[in-house]
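From first to last, the protein sequence lines are chains A and B.
So for the first sequence, my numbering puts the first residue at 1; every next one is plus one.
So for the second sequence, my numbering puts the first residue at 1; every next one is plus one.
Calculated from the structure, these hints are not laboratory results.
Incorrect hints may have been included.
[To be verified] Derived pair list, reagent style BS3-like, types lysine-lysine, alpha-carbon separation capped at 27 Å: (1) K415(A) - K127(A); (2) K251(A) - K39(B); (3) K479(A) - K383(A); (4) K53(A) - K127(A); (5) K383(A) - K328(A); (6) K39(B) - K328(A).
Bear in mind the structure is a predicted one, so any value in this text is a computation, not a measurement.
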Amino acid sequence: MNAPVHALLQAVPAAGDSVRRATQIGEPNAVAMGFFFVFIAITLGITYWAAKKTRTTEDFYAAGRSISAGQNGFALAGDYMSAASFLGIAGLVSTTGFDGLIYSTGWLVGWPVVLFLIAEPLRNLGKYTFADVVAARLRQTPVRIAAAIGTLATVIFYLIAQMVGAGGLIKLMFGLTYETAIVVVGMAMIAYVLFGGMIATTWVQIVKAVLLLGGATILAVMVLSRFGFSPLALFRAAAERYGDGVLAPGKLVANPMDAVSLGMALMFGTAGLPHILMRFYTVPDAQAARKSVFYATGLIGFFYLMTFILGFGAMVLVTPEVITSVDKGGNMAAPLLAESLGGTPFLGFIAAVAFATILAVVAGLTLSGAAALSHDLWVSVAKKGEATPIEQLRVARISTVALGVIAVLLGILFKGQNVAFMVSLAFAIAASANFPALLLSIFWRRCTTLGVVTSMLVGTISTLLLIYLSPTIQIDILKHDAALFPLKNPALITIPLSFAVGIVVSLLTSDPEASAKFAQVERQVHLGAKG
Amino acid sequence: MHNDARLRALAARRTRFAVTLTIAMIVIYFGFILLIAFKKPLMGGLVAPGLSLGILLGALVIVASWVLTWLYVRWANSYYDRELAEIRR
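I would like the entire structure built from these sequences, with the hints used as guidance.
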């Protein structure tokens, strides 16, 4: 058995014989390895096929606009459903009951907002990045730089959280060392993006979404089969064993302001995530973009409903004591549930699905970060839009490798650190820096370059500053007695602040070009570039 | 020129509808969160054996997200697309 996991198991005081239960988790699992190699082989096959089709920057960044609405629905779901939601929420529900479900709903409610406010205007106005939209009637250079800062901050924090999570989980599930796991993830991800660009990344997301949804559904059906296919019978069994308290709100929402602030980050952050926004450029038109969000919302909502079943299933069938004895955070609830229902082979399958999930998310993130570096900073700012297609493609690929290497290094650098907060930090930056800028530039005639740029910068900097001053960093990580800022997530302050700064600075400055172009841009928002 | 006026009217109409739906989503989700924060005993109460009001409302938040996106897509696929097609002509 892998030494650290063994130590962890021993370190937990045994709460009776029920805890000392045989699990294959942490041992090299032939089935998991088998599924994992099949996944790698299939995705590299896809990458080879995609590489032959990737000739232009439009192929590399936007899959040649050839993805259908249904395919993009799956790809959006694949980009969004991270291992954190699969393993983390199932674990949270299995150890806290109802409180975990608060997350299940929070992660979905951003999608309707994406549909109503962002998806179609974005597709009609932009080419490759969300900065294309913000810069449509504002001055290119300052907007591109500010948008690239917002994008890279979001992507880097999201990447760190994914990489560190990946290293830990893979170590736990496959028995590889942390560093090996990070390097394997990094190499596979760079291969997908570097050679296959958006075409490969999209299909990796689709394969992953099908695997994850399929795996979760099979697992949920197996759980429900033990309870006469009635979710209520399952919840009742949980309440009988652990009290009605598991069906009721507990300590998680102790501070309402914290809950509202996190909710705002999730709801408006989804509409500012660069790797999600980039997906809308892969479909042929705004109508397909609209339909793809509809499909994605259906799939993601279905997945989070599944987490209700998986979480309570693991609570009843595996028990919280066993789950926390394998991993204190509860992250192994779903794999343990799979093992108890389907034995080692099913554990292997679910472990491989979790791995595929992580790989796909980091590939999408890396591609969107590379687009900000190459399309926004290099081509639009440094070369003022005067770069040959061959040069653009080359810079995009160099950026991919650079960002991939940085992700691996950061993953190793942050080994053992508590990085769970970085996902909500990424959402807070996306919600405070990217979302207000998109909204103001698309819908408000009076906004000016200076107003939007200040809004983006204030959004990014205030979020970083307030997170640093928050209890999450000051008390949990730096072990100080108190924190200057009371909220764990700053979105409650930073989103209104960023809007206010954008509006006030716009009103104090003038940008004749921006208002002159408004009619034309409004036309394009609805009719597209061809209209 | 007539076309431009028609597009502006359609744009205003889409914005109104989109903002209304967004506000509906905000009210539903933050209403759920505030109920959890301030009405814990109510949310923990059982509406059926095994089903607390909190779990029921949580599932309904997900269903409401589906219904709102469906409402928008239905409107856009029929009315909005048809208007755009006529403006393009």
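| field | Hinted pair K383(A) and K328(A), Cα distance within 27 Å | value | violated (50 Å)
| message | Checking one constraint from the list: CA of K53(A) to CA of K127(A), max 27 Å. Satisfied? | response | holds (19 Å)
| Taking only the CA atoms, is the gap from K479(A) to K383(A) under or equal to 27 Å? | violated (46 Å)
| Quick one, are K251(A) and K39(B) close enough, alpha carbons at most 27 Å? | OK: K251(A) and K39(B) at ~13 Å, within 27 Å.
| task | Would you check the hint for K415(A) and K127(A), treating anything up to 27 Å between C-alpha atoms as holding? | result | Violated, at about 37 Å.
| query | Taking only the CA atoms, is the gap from K39(B) to K328(A) under or equal to 27 Å? | reply | Not OK: K39(B) and K328(A) at ~30 Å, beyond 27 Å, violated.
When held up to the earlier numbered hints, the structure conflicts with 1, 3, 5 and 6 and fits the remainder.
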